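For reference, the chains in residue letters:
2 protein chains.
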Amino acid sequence: MAKNMEKITSRDVDFAQWYTDVVKNSGLVDYGPVKGTMIFKPYGYAIWENIQSILDKEFKKVGVTNVYFPLLIPASLFNKEKEHIDGFAPELATVTKVGDKQLGEDLYIRPTSEVLIIEHFAKEIKSYRDMPLLYNQWTNVMRWEKTTRPFLRSSEFLWNEGHTVHSDPKEAKDLTLKMLQIYKDFATNHLLLPVISGQKTEREKFAGAQETYTIEALMYDGQSLQSGTSHYFGDNFAKAFNVKFQNKNQQEEFAYTTSWGLSTRLIGAIIMTHADDQGLVLPSSVAPVQIQIININDSEEVISTSTNLFDSLIDDYKVFIDKSDKSFGFKISEAEIKGVPIRIEVGPRDLANGVVTISRRDIRSKEQVKLENVKAYIDEQIKEYDKNIYKIALKNREERTFTANTLEEYKAVLDKKLGFVLVPFCGEVSCEDDVKEKTQTNSRCIPDGIKQEKSKCFNCGKDSNYKVYFAKAY
Amino acid sequence: MAKNMEKITSRDVDFAQWYTDVVKNSGLVDYGPVKGTMIFKPYGYAIWENIQSILDKEFKKVGVTNVYFPLLIPASLFNKEKEHIDGFAPELATVTKVGDKQLGEDLYIRPTSEVLIIEHFAKEIKSYRDMPLLYNQWTNVMRWEKTTRPFLRSSEFLWNEGHTVHSDPKEAKDLTLKMLQIYKDFATNHLLLPVISGQKTEREKFAGAQETYTIEALMYDGQSLQSGTSHYFGDNFAKAFNVKFQNKNQQEEFAYTTSWGLSTRLIGAIIMTHADDQGLVLPSSVAPVQIQIININDSEEVISTSTNLFDSLIDDYKVFIDKSDKSFGFKISEAEIKGVPIRIEVGPRDLANGVVTISRRDIRSKEQVKLENVKAYIDEQIKEYDKNIYKIALKNREERTFTANTLEEYKAVLDKKLGFVLVPFCGEVSCEDDVKEKTQTNSRCIPDGIKQEKSKCFNCGKDSNYKVYFAKAY
Chain A
273 MAKNMEKITS RDVDFAQWYT DVVKNSGLVD YGPVKGTMIF KPYGYAIWEN IQSILDKEFK
333 KVGVTNVYFP LLIPASLFNK EKEHIDGFAP ELATVTKVGD KQLGEDLYIR PTSEVLIIEH
393 FAKEIKSYRD MPLLYNQWTN VMRWEKTTRP FLRSSEFLWN EGHTVHSDPK EAKDLTLKML
453 QIYKDFATNH LLLPVISGQK TEREKFAGAQ ETYTIEALMY DGQSLQSGTS HYFGDNFAKA
513 FNVKFQNKNQ QEEFAYTTSW GLSTRLIGAI IMTHADDQGL VLPSSVAPVQ IQIININDSE
573 EVISTSTNLF DSLIDDYKVF IDKSDKSFGF KISEAEIKGV PIRIEVGPRD LANGVVTISR
633 RDIRSKEQVK LENVKAYIDE QIKEYDKNIY KIALKNREER TFTANTLEEY KAVLDKKLGF
693 VLVPFCGEVS CEDDVKEKTQ TNSRCIPDGI KQEKSKCFNC GKDSNYKVYF AKAY
Chain B
273 MAKNMEKITS RDVDFAQWYT DVVKNSGLVD YGPVKGTMIF KPYGYAIWEN IQSILDKEFK
333 KVGVTNVYFP LLIPASLFNK EKEHIDGFAP ELATVTKVGD KQLGEDLYIR PTSEVLIIEH
393 FAKEIKSYRD MPLLYNQWTN VMRWEKTTRP FLRSSEFLWN EGHTVHSDPK EAKDLTLKML
453 QIYKDFATNH LLLPVISGQK TEREKFAGAQ ETYTIEALMY DGQSLQSGTS HYFGDNFAKA
513 FNVKFQNKNQ QEEFAYTTSW GLSTRLIGAI IMTHADDQGL VLPSSVAPVQ IQIININDSE
573 EVISTSTNLF DSLIDDYKVF IDKSDKSFGF KISEAEIKGV PIRIEVGPRD LANGVVTISR
633 RDIRSKEQVK LENVKAYIDE QIKEYDKNIY KIALKNREER TFTANTLEEY KAVLDKKLGF
693 VLVPFCGEVS CEDDVKEKTQ TNSRCIPDGI KQEKSKCFNC GKDSNYKVYF AKAY
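Protein chains in written order, with the numbering used here: chain A, 273 to 746; chain B, 273 to 746.
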């Protein structure tokens with residue numbers, strides 16, 4: 273245990289405390305002075321930069337262009353779509369004055385930018401030829417929260433919000449699903465989160481949307497975390513904001529819109545899926561440091577070897593040599609807590625044998641590797657590392673995926689072990705309200721790739737048209 | 273003149289109207305619903321993305337790490353540094369409630385983040401070993417403005433704000449100047465703005481700083497635009513926020529801080545320096561499209577030639593083929609108004625001779641170039657293009673740089689032609705207030721690289737220790 277680092281509670285003893293300990297000791301974030309806000313320190317922000325960089329390229333491949341819309345939304349504009357304002361009203365941070373001067377109208381800090389962007393679309397599209405417009409912005413948003421936790425729930429968070437407008441409902445719907453697929457591929461292949469995907473129920477869909485699609489990740493403790501959503505609005509917003517265009521038949525028609533978002537919550541998902549009692553375990557794609565080189569002393573031989581190793585790896589990996597005067601043991605602990613995938617220790621005794629010691633963070637291995645083989649060894653081991661942490665997460669999800677046909681069965685499952693529980697469900701909002709009240713759980717999604725058949729709702733017993741995953745969720 | 277584009281007023285007839293026309297017709301921005309805010313449309317935001325991408329690499333080369341601090345600052349925190357709050361108080365957008373609930377304390381939307389970051393530094397640094405910390409964030413900030421113009425002055429803008437803390441005042445001062453140099457090199461070499469640099473006078477320095485350094489660009493109309501600033505705070509903020517560390521002699525000492533920022537104003541500087549009566553002229557480094565290929569018809573030969581050209585250029589340039597069904601003439605006009613550096617027209621008559629027609633936006637040339645020579649021709653011409661627009665801007669600055677020794681001389685110069693006027697100046701705030709009142713101009717900087725000698729102040733006649741550039745400014 274390094275100095276200045278407090279002991280991390282075991283995740284099997286107290287998962288919530290474990291999470292707090294890991295977040296604090298790994299140097300990702302600090303708390304901001306306003307309740308519920310957080311400071312992204314360099315190590316935490318670097319993960320977000322890596323997420324942005326990968327996703328931004330994927331967005332651009334499908335023709336999405338980045339934009340920036342203003343932070344503040346006039347109350348009168350927000351109030352135009354009733355479900356939307358009802359959904360957000362209690363969480364809206366409101367600017368009422370500038371200096372000492374009261375404003376004529378309340379201005380909301382954006383909780384999301386649908387209304388600003390749809391109003392802009394109204395000006396931009398006259399004809400079907402002007403569409404689609406595929407916009408995205410990387411911004412901060414605010415939704416005031418009563419209870420907050422770093423990454424999972426904070427009054428301010430960072431995200432991408434995509435907004436598109438189309439002349440054709442099918443094209444809009446396809447885009448909605450396309451963006452969900454980009455999120456799913458990213459979560460699966462880069463964050464190594466074995467997410468499930470599907471449609472949200474009526475109760476859980478986004479305020480103002482016709483359909484909401486989601487990816488859901490299962491945390492180590494068996495709770496679900498919504499990790500990215502994509503919304504098909506149909507012409508709901510277009511009608512509320514009068515967004516019309518002239519179609520190919522020279523007729524006026526309301527346009528079709530979508531939005532999709534993914535936020536810094538994902539960093540919470542990474543932690544609660546992969547981290548362990550020694551600290552973070554970061555997927556190599558988004559790790560700020562993929563390989564850390566630690567020198568046992570500062571002899572000429574050690575320094576020159578670690579410099580050569582650095583030079584041989586830096587074209588392919590994010591490599592860091594900690595040159596501070598912290599102790600060897602401290603540096604080891606820090607690399608572990610920070611979840612650096614691969615650690616190379618360079619010391620005189622090893623060098624006498626022409627080797628260095630390489631550790632993998634996931635399995636905490638220690639392997640002596642000949643200097644000439646280091647690059648090849650790491651190329652292989654970093655792939656194995658990623659495969660292994662995905663496998664562990666998938667195993668957890670599989671061991672925590674259940675079925676139930678009645679509320680009693682459902683409760684019995686959750687009493688034993690939290691997880692995804694597939695149940696036949698009627699889809700009614702009031703029935704889901706009832707489940708929520710009785711069990712503090714709700715639906716996560718109507719999953720893709722599951723055979724859907726008619727049955728009786730697990731709660732109310734009415735006809736059910738599909739099966740739905742319910743779970744306790746963050 | 274293409275359809276849907278209004279005529280651009282000549283910049284020699286009405287510079288302000290010309291600016292508005294260019295901004296509007298080139299599709300960079302639109303106005304937001306809250307007065308003084310703006311929407312960055314894809315073409316405008318892409319310029320900012322290019323600026324970010326180049327500068328971010330330069331910052332990281334000197335060890336700067338990106339972070340994200342919260343949007344909202346409690347009033348009690350902001351009020352700790354008196355000069356700072358006095359400087360910003362009237363411009364602060366203030367959150368007073370969430371939903372219907374009044375907050376216990378006013379929260380300001382950041383106009384800049386010094387106070388948040390210095391408070392965080394206080395927690396992070398115990399010893400000289402913990403420094404330097406070199407932080408940067410790319411964010412939105414708000415400073416409520418009475419009169420606003422796109423890019424130049426808006427209530428919300430985007431910028432980088434760097435904040436650093438050091439154990440040694442010389443190191444902090446050196447960093448301040450280093451970051452100014454990065455800004456200057458970037459403005460000169462990438463934006464092709466022949467900026468001058470130097471220190472701000474007492475009156476013009478940043479609220480709370482000991483020293484402020486600036487780069488100033490001269491616009492086509494002879495007005496100056498502050499284009500990037502770097503501030504040395506000494507231990508001013510450290511004292512106000514009690515940021516102490518243990519130095520090498522085991523004694524407590526206040527830390528030394530800096531900050532530096534550059535904003536979307538720069539896009540205004542690019543426009544007002546390089547654009548002309550036909551629209552934008554964008555430096556190739558930051559142009560969203562560097563080469564636009566326009567097909568005269570959609571014959572097989574034309575399409576396949578333009579596709580081949582695209583493929584041969586796309587590894588080195590940002591290339592765009594407009595495949596919309598807009599007319600040929602419209603596409604030409606649009607490429608001109610949008611300031612695309614190089615335009616290639618592909619048509620059957622040219623192809624019969626094995627050539628395409630290539631135009632440079634700056635000199636509006638039209639050159640027939642053999643297909644096999646296109647890449648080499650463009651490699652050369654795009655360099656010439658950048659050189660030429662820099663040369664034109666430099667010529668304007670040189671023709672608008674003057675000297676004066678008395679207020680009468682100064683007024684006489686400005687009556688003839690606006691520009692930078694080098695004057696001996698006492699440095700007193702009250703004297704500069706007086707100049708401002710009499711002439712609506714103020715000092716821009718105490719320039720680097722100018723021989724500084726003792727003289728008499730051009731306004732008050734008292735002893736002057738240095739020469740200062742005064743100018744009318746945006």
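Because the hints were derived from the structure by calculation, they are not lab data. Hints are supplied without guarantee of correctness; some may be wrong.
The list treats identical chains as one, so a pair stands whether inside a single copy or across any two.
Said to hold, decoys possible - Derived lysine-lysine pairs resembling PhoX-like cross-links, with alpha carbons at most 25 Å apart:
hint, residue 1, residue 2
1, LYS708, LYS418
2, LYS296, LYS516
3, LYS511, LYS710
4, LYS369, LYS307
5, LYS598, LYS520
6, LYS688, LYS333
7, LYS667, LYS708
8, LYS520, LYS744
9, LYS418, LYS369
10, LYS352, LYS595
11, LYS663, LYS369
12, LYS352, LYS369
13, LYS663, LYS710
14, LYS590, LYS329
15, LYS354, LYS595
This structure is a prediction, so every number in the text was calculated from the model and none was measured.
How the hints compare with the structure:
For the identical chains of this complex, LYS708 and LYS418 are intra-copy neighbours only, at 19 Å inside a copy versus 50 Å across copies, given an alpha-carbon limit of 25 Å. With identical chains, the CA atoms of LYS296 and LYS516 are at most 25 Å apart between copies only, with a shortest distance of 22 Å across copies and 50 Å within one. Within a single copy, LYS511 and LYS710 get their C-alpha atoms no closer than 37 Å, and across copies no closer than 55 Å, so neither meets the 25 Å cut-off. Taking the shortest alpha-carbon separations for LYS369 and LYS307, both the intra-copy value of 21 Å and the inter-copy value of 14 Å come in at or below 25 Å.
Taking the shortest Cα distances, LYS598 and LYS520 sit within 25 Å of each other only across copies (16 Å), while inside one copy they are farther apart (69 Å). Taking CA atoms no more than 25 Å apart as the test, LYS688 paired with LYS333 passes in neither setting, with 45 Å inside one copy and 53 Å between copies. In this assembly of identical chains, LYS667 and LYS708 lie within 25 Å of each other by CA distance neither inside one copy nor across copies; the values are 27 Å within and 72 Å between. With identical chains, the CA atoms of LYS520 and LYS744 are never at most 25 Å apart, being 48 Å at best within one copy and 53 Å at best between copies.
With identical chains, the CA atoms of LYS418 and LYS369 are at most 25 Å apart both within one copy (24 Å) and between copies (14 Å). Within a single copy, LYS352 and LYS595 get their C-alpha atoms no closer than 57 Å, and across copies no closer than 36 Å, so neither meets the 25 Å cut-off. Taking CA atoms no more than 25 Å apart as the test, LYS663 paired with LYS369 passes in neither setting, with 53 Å inside one copy and 47 Å between copies. Taking identical chains as interchangeable, the C-alpha atoms of LYS352 and LYS369 lie at most 25 Å apart whether they share a chain (23 Å) or sit on different chains (21 Å).
In the homo-oligomer, the alpha carbons of LYS663 and LYS710 never lie at most 25 Å apart, since the shortest distance is 34 Å inside one protomer and 75 Å across protomers. In this assembly of identical chains, LYS590 and LYS329 lie within 25 Å of each other by CA distance both inside one copy and across copies; the values are 19 Å within and 15 Å between. Within a single copy, LYS354 and LYS595 get their C-alpha atoms no closer than 57 Å, and across copies no closer than 39 Å, so neither meets the 25 Å cut-off.
Of the numbered hints given earlier, the model fails hints 3, 6, 7, 8, 10, 11, 13 and 15; all others are met.
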